[in-house]
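Put together the whole structure using the sequences plus the hints.
Chains as they are written, first to last, in UniProt numbering: chain A, 1 to 879; chain B, 1 to 490.
Mixed in with the good hints there might be a few duds.
[To be verified] Interface residues of chain A toward chain B, partial, derived using beta-carbon atoms under 10 angstroms:
#1 Val51
#2 Leu98
#3 Gln186
#4 Pro283
#5 Leu324
#6 Ala329
#7 Pro363
#8 Leu369
#9 Phe375
#10 Leu401
#11 Leu402
#12 Leu413
#13 Leu416
#14 Gln451
#15 Ala454
#16 Cys466
Honestly, the hints are just simulated from the structure, not real lab data.
Note that the coordinates shown come from a computational prediction; the quantities given were computed from them, not determined experimentally.
Ideal Cβ placement from N, Cα and C applies to all residues, glycine included.
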Amino acid sequence: MGLLSREAWAQRLGAFRASPSAYMAAPEGEDLGRDLLSDLRSEKLSEQTKVSMLALSLEYPAQLWPDAPAAEAAATSLLDTLVLLPPRPSALRRPLLLAATTALVTGGVLGPTSGASLRLLPLLLGLASGGDLGRGFGPSSEQRPLQATACECLRELESCKPGLLGGCLGLLRGLLGQEGPVAPVQPLSLLLALALRNTLVIQARARASLQGLLTVRAPPPGGGPWNWTLAQEGDAHLQPQAPSWPAAEEECGLSALEPSPEEARELRAAVAQLLDTSYLLTPVAQAQLLWLLGWALRGLRGQPPVLFKPQLVRLLGTAQLALLHAVLALKAAFGEALFTAQDEALLLRRLTLAAQHPALPLPAHLFYLHCLLSFPENCPLGPAGEEAAPLLLEPQLCRGLLPNLLHDPLALLARLHLLCLLCAEDEQKEEKGQAQSPCHYLQELLAGLQQRAALTGGPRALATLCFQASYLVALCLAGHRTVLAPLTHGLAQLYRARPALAPHFVDLLDRVAPELGEPLRVVLRQEVVSRPGGGEALRWHLQMLAKVADRDAQSATLGFLQAAAAHCTDWGLQQALLRVCRALLRVGVGGGLADLLQALARQLEDPDGRDHARLYYVLLSHLSGPKLGVALGPSLAAPALTSSLVAENQGFATALMVQEAPAPIRLSVGPQRAEGPVPVLQLQVEVLEPVYSLELRFRVEGQLYAPLGAVHVPCLCPGRPARPLLLPLQPQRPAPAQLDIRALYTKSTGLTCYTHLPPLPVKFADLFLPFPKPPEGARLGFFEELWDSCLPKGTESRLWCPLGPQGLEALVSRHLEPFVVVARPPTSYHIAIRLPPDSKLLLRLEAAQADGVPVVLRTDAWAVLPLVGDYLRGLSAAV
Amino acid sequence: MAQRAVWLISHEPGTPLGGTVRFSRRYPTVEKRAKVFNGTSYVPIPEDGPFLKSLLFELRLLDEDRDFMESRDSCSRINKTSVYGLKVGGEELWPVVAFLKNGIVYACVPLVEQTLSPRPALISISAISQGFELLFGIQDFLYSSQKIDTELNTKLSQLPDLLLQACPFGTLLDANLQNSLDSISFASVTHPQKQPAWKAGTYKGKPQVSIAITEKVKSMQYDKQDIADTWQVVGTVTCKCDLEGIMPNVTISLSLPTNGSPLQDILVHPCVTSLDSAILTSSSIDAMDDSAFSGPYKFPFTPPLESFNLCYYTSQVPVPPILGFYQMKEEEVQLKITVNLKLHESVKNNFKFCEAHIPFYNRGPITHVEYKVSFGQLEVFREKSLLIWIIGQKFPKSMEISLSGTVTFGAKSHEKQPFDHICIGGTAYLKLHFRILDYTLTGCYADQHSVQVFASGKPKISTHRKLISSDYYIWNSKAPAPVTYGSLLL
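As structure tokens, then:
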């Protein structure tokens, strides 16, 4: 894009400011950063236009130059522009310095490898120390403002990279102490204080000493490389600078620093030098200086905070927010070491005074009031971090801080909090009945608030204020019946006067503790049900009742609803009515409700309303109490959905339908039983949570087995041993299979769940059954008879069964014991196995050798031969 | 101690957005630190549009408050300071310092140099008070002279340059923006000696010191047995010192006549170099006794260039300057009112003006008035439902005047007649407006001869005094009235 005119730039900057993100996303945003840098050198644009361009770069550098290389290039270009300025007065030098500093910091490029940094830092330090920078740095009239600006830039760089100026402490002290035509005090003081604080923190963390940093005069600007050592140590620690607040005491850790006596003396001198000239600083800068020095000296050994003492009286007299706040910071940092008990009392009085002084603005009052309730006491009694009235703040002192109806809402709530704290104390003293007791005053005030909120047509803010006050009182004075009882009564009156505030009441009931909530619920219910059912306020009454209805006073409630039903002519009112029914269903109201629901199911005009009434009736007559509670309770599935209809559907879906859920059940196959007429699988079951009415369903692919029956268990609890479950198998063919398992169960919450468990294998050997054992003498004959009966229909085969180190005897006793018919240990066994449904498998194991045994087998089922082979070969491995 | 951003928003009720961002300034280097310090709890500064919307909603400045909205109206959302959390894009931006004054919302976001969860106490955040100072400073600058719209626009257009001067990197250098404006023009002056940062240059010309004491008196009068009337004087001493030299020293003493009321709750300007402990401790919080310090009140200081408030004080004078009662009763369709006012004999009976405003809230327009005044005249503002009793420059010799009459109202229409949430039913007040020149209720004065100036040349010293009424209410004694806690302590 070519050179833009002044108007074009004004328009471009305006468009950018209107929405930076939208502008940068559009095609014209792409070149803005580059154009800006190049047009800064244009001779056709006025300085004013260039200042506004630079102002933009001060605010949005990250949008103009989004990455580190761009930021580095921008900073370099800005520095070039600065150097190229003709040597006459110019309004651009200051903003150029600020812009280059900003670009380096926000681009994250400030560091020893950045060329722009290495140019900017000596330049700034040179300007700050008032050295002659030669041609190009403008007339002498600009020197002083530039000196101040350079200090500000250095302070910003030091803030963002602590330790950067650690090597310049001595130089800065020297500049500040200069006689004659001097550098501006404020920027130098603040820069020195910040660099001092950062250096102390970094050295303490590194457990290093101050190494004479306070006295060494840094190398002259321009000569010698910049010292980055401290900054690199500090960089890792641009972490929360522990505020000088007591709660963060431990993080400070300055006590690790042990300055030598000489260093301590120098440090004291530096701090004293800063404090002595602090009156030359503006009030806000004085406050910054005090915070920084408070931070710097806190916890440092051998640095008594008395240095601050001469400043305090002067500061305590002022009305300046920042100064009083800084005094409080010193109070928190040094406590008794700086403030005696009398000082503390005086400070509290000044604070109390400032919190109500008519000459100060409201925001200041409120902040002081906050400070009063968070006052850093020398000897705090209460828990840390909670607002409380300090011990020395006697009720007498607070008189002027109590709320009245003429106060702004913020002030009223802040002062009400204080009043509540006083009431809590007052209650302990048991001085009731006096007209001026804080509790009595509190009641009057609440009554006034309720009266205002009751005003028909009044702004909602007044109602909100009344409920906020009620909430605050309930929170602070939860145990105080003398306060809560009239509050409850007053709120009931308010509802009577203005039922349209029902949403506020519902909100209040949702949030207050039962101390107020329970009695309020009761009186509000009475308030509603004691009315005739019709009227304009019906929708509010129904909304209210949906919140407060419960098992008590059922007949009155149902009576009200019956009367109201006749007036529920539109869909909204019918829904509101049904919501009350639903609330009653949830809390377990039975008899009369069923009649009402039936009546509604006939009588309501709207089909949707009738359907709902019928649905509720069906639910009421079919579901047990707990299940109903779950079904109608707040939906877990959609807690964030605001539509009651969706929430209702979701609630039903969860409660009444079977939910698929991850299994809290683990099944495994137990030891083989090998007895009885059919093979039976022993299943071990474990649960991770209580499970009720568990039904396990099994299925086998194909037609291998006859359909399997389901297994039922009434109740299973984690950690309680369960008896094994027996699953009889009816094979159609003697073959292994996979069991596909599904579980259906109820959780303790009442939800019914369904889950698919991992499949379990039925192994070939799981189907083995023994033949009935013949008498001792007839066994060989019995076996031979079986053996012969296999042929000619069946088949005979020979196998080599490898043996492990234990030998044949161990193998047989472990796997085949129930099936042995004739045994001649250790070398010869005759084994007969029944394979359901009607096959047999006969094995002769004879003449075993060390590494194996030859097996002769006969069976009448051809198909099992490969299975037998696998089985026998697997035996030795399974030992 | 820095600010991440600052905004000025004009509140425009009735417009679609409810307001316009008139000025905003962001500080990206501070934002960079915020990102590190706040860690995972960091919430970026939104663009002006979303910020405006969220802030006006939070401050209840949008018109749409017809329906209950939990995010605004819930009873547990309690704010007790002018520091807010703003919902912006699903996250909460905190802390946002904001307040509305003269139709402008002043807002800034102070940097918190630690994590924001859990939220640290406001007292532990150094940038909070700095933020307030910045906003107060801008407010003072915008309204330091007359509130003419065009001038406001001029001043708003100066703000970018001024903040570049007074707050270049988000850390406030001087809350007195006028001073920053001056420092731009004084830039060429050379400085042989240490120059205070709060003084942009030096004065050249005839030396003169001007001291003005303005007392405002406020009162709540009930005319009831069980409720005490209250009144209080609030004084402001304003100085303008045109003196040569960089650091001229001045001491001003405020004196009281023998029966004067002691000054209390004294707050001084930061340029005051030392304070007597008696001044520091005299406070209205304590019960009064005869031993109370009654001056002279010495204030040694080094003055800034511009006019400044040297100190503020309060005082408890023994009687209110005008004591009165107001009785208002509803009789069928009309109101019957009786007012009686009595000027205390010790008060200078020479007013610049004196008026009693009698408003009628939550009623229709005035249709008919019948009245009798013992002194002065009554003006009737029918549409505003307001009576103004113009008493004039002097009370009559008896020092006591009265008004009685009946007022009839037409039908109420909400748009035109004033609504008030205090004046419900019989609760009503009249408000006195008066001004007396060259007079203070406490008797406080600055003696020309007691002003010490340590500077070259003998300055011309001028002093001024005046008493103004402010919030001077007399409540209808025939109905309940809002009371303060102090009123119950009979």
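Hints versus structure:
1. Because the smallest distance between the Cβ of Val51 of chain A and any Cβ of chain B comes to about 7 angstroms, under 10 angstroms, the interface hint for this residue holds.
2. Against a cut-off of 10 angstroms between C-beta atoms, the interface hint on Leu98 of chain A holds, since the closest Cβ of chain B lies about 5 angstroms away.
3. The criterion of a C-beta within 10 angstroms of any C-beta in chain B is met by Gln186 of chain A, whose closest approach is roughly 4 angstroms, and the hint holds.
4. Hint status for Pro283 of chain A relative to chain B: holds, with the closest Cβ pair at about 4 angstroms, below 10 angstroms.
5. The closest approach between the C-beta of Leu324 of chain A and any C-beta of chain B is roughly 8 angstroms, which is under the 10 angstroms cut-off, so the hint is satisfied.
6. Taking 10 angstroms as the C-beta cut-off, the interface hint given for Ala329 of chain A holds, the closest approach to chain B being about 7 angstroms.
7. At its closest, the beta carbon of Pro363 of chain A sits 4 angstroms from a beta carbon of chain B; the interface hint therefore holds under the 10 angstroms criterion.
8. A cut of 10 angstroms between beta carbons decides the hint on Leu369 of chain A: the least distance to chain B is about 7 angstroms, and the hint holds.
9. Taken as an interface hint, Phe375 of chain A checks out: its beta carbon lies about 8 angstroms from the nearest beta carbon of chain B, inside 10 angstroms.
10. Using the Cβ-Cβ criterion of 10 angstroms, the hint placing Leu401 of chain A at the interface with chain B is satisfied: the shortest such distance is roughly 9 angstroms.
11. The criterion of a C-beta within 10 angstroms of any C-beta in chain B is met by Leu402 of chain A, whose closest approach is roughly 4 angstroms, and the hint holds.
12. Because the closest C-beta pair between Leu413 of chain A and chain B is about 5 angstroms apart, less than 10 angstroms, the hint holds.
13. With a least beta-carbon distance of about 9 angstroms to chain B, the hint placing Leu416 of chain A at the interface is held under the 10 angstroms criterion.
14. Because the closest C-beta pair between Gln451 of chain A and chain B is about 7 angstroms apart, less than 10 angstroms, the hint holds.
15. Interface hint at Ala454 of chain A: satisfied, since its Cβ lies 9 angstroms from the closest Cβ of chain B, which is below the 10 angstroms cut-off.
16. Given the 10 angstroms rule on beta carbons, the hint for Cys466 of chain A holds: about 9 angstroms separates it from the nearest Cβ of chain B.
Every hint, counting from the list given before, is met by this structure.
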